[in-house]
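27 is the number of the first residue of the sequence shown in my numbering; add one for each residue after it.
Keep in mind that a hint or two might mislead.
Said to hold, decoys possible - Cβ pair distances, simulated, as ranges:
#, residue 1, residue 2, range
1, Ala347, Ala172, 26 to 34 Å
2, Pro154, Gly337, 39 to 47 Å
3, Asp187, Lys230, 34 to 42 Å
4, Ala152, Ala339, 44 to 52 Å
5, Gly198, Val325, 29 to 37 Å
6, Phe270, Leu349, 24 to 32 Å
Keep in mind that the hints were calculated from the coordinates and are not lab data. No residue lacks a Cβ here, since even glycine has one placed at the ideal position from N, Cα and C.
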Amino acid sequence: MRTHDMPVPGPFPSPFTLRAPLPRLSIVIPSHSRPDLLRLCLASVARFAPANTEVIVVDDGSRGATVSQAAAEFAGVRVVRRPRAGGFCVAANAGIAAASAPLVELLNDDAEVTEGWADSALARFADPRVAAVAPLVLQNDSERRARGLPPLIDTAGDEYDFGGFASKRGHGSEYRRGEGAKWRAGEEEISPLHPFTPSSLHFKAEYVFGASACAAFYRRDAVLAAGGFPEHFGAYFEDVDLSFRLRRLGFEIVYDPGAVVWHRVSSSYGRNPSRRTLERQSCNEERVFWRNVRGRRLVKYLPRHAAVLAGKALRRWQEGALLPWLMGRCRAVLG
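All chains should be modelled from the sequences, with the hints used to inform the complete structure.
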């Protein structure tokens, strides 16, 4: 991996307000019928976003007006309301299309930002080759916090194995910061965290394969040039597919450990995903392979892909989830 070290400017004033000049950053938050989580997300954005940040909530066909009403509690927030739910990709594309800033952050409604997170990420776009920045996303787990345990990493950028599987760098490993260090998430101060080893790969900015769309920063024009998120995916692995297309256009994606976001992982994925969710995840992961692994690379990695599928099938059988996994793979291959 090549390292990518770039100076980070000092903090900007907050909270966000909409005023001239045009915003440098638009934050797009797709949300469907989760007003309580959205309020927590918006409270953290209001507290820590750079001045003159545009904030857009995409109400993706929520039941009633609960999401729109929650967004209206925060001054300056724009609401893009969709009459019916289209899924994450449709909502994200709608928000990006509505954004007026050259840089966009997609933020899950179950995520909360921290002080300085945007300042650090925005500095990476001084390099015109950078189309996306992957922040350090930590699992917002109140049980671990109550026990005094360090947080677990959700993702430190995406990886992709051409045998046909995507993974989150560092997922599930403990994140340890300096003695006495503190973060803020919304109104809550989180402290202290444990000492860390500076040589850890998760503590340096570097080029990575991709960025998780739960909190990724994007160059808006690059996303539009790549065609946006694949709307037929609905959700899951859509960010991996976009990362492939951005890279084919010649762009780079950078991981920035200075941009820290908290994510309630169980709210997005559930502790026990439904069979329908497992089928969609399986389908989209297979779609990513056949859409993006091409030509000589396909010939080279097809045997490895077969081995990967065999291993995953065994694991799903052991978990009692083989049928939805197989149905998803078949849907992807048969179209």
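(request) May I ask which of the numbered hints given earlier this structure violates, with the numbers listed in increasing order? (result) 3
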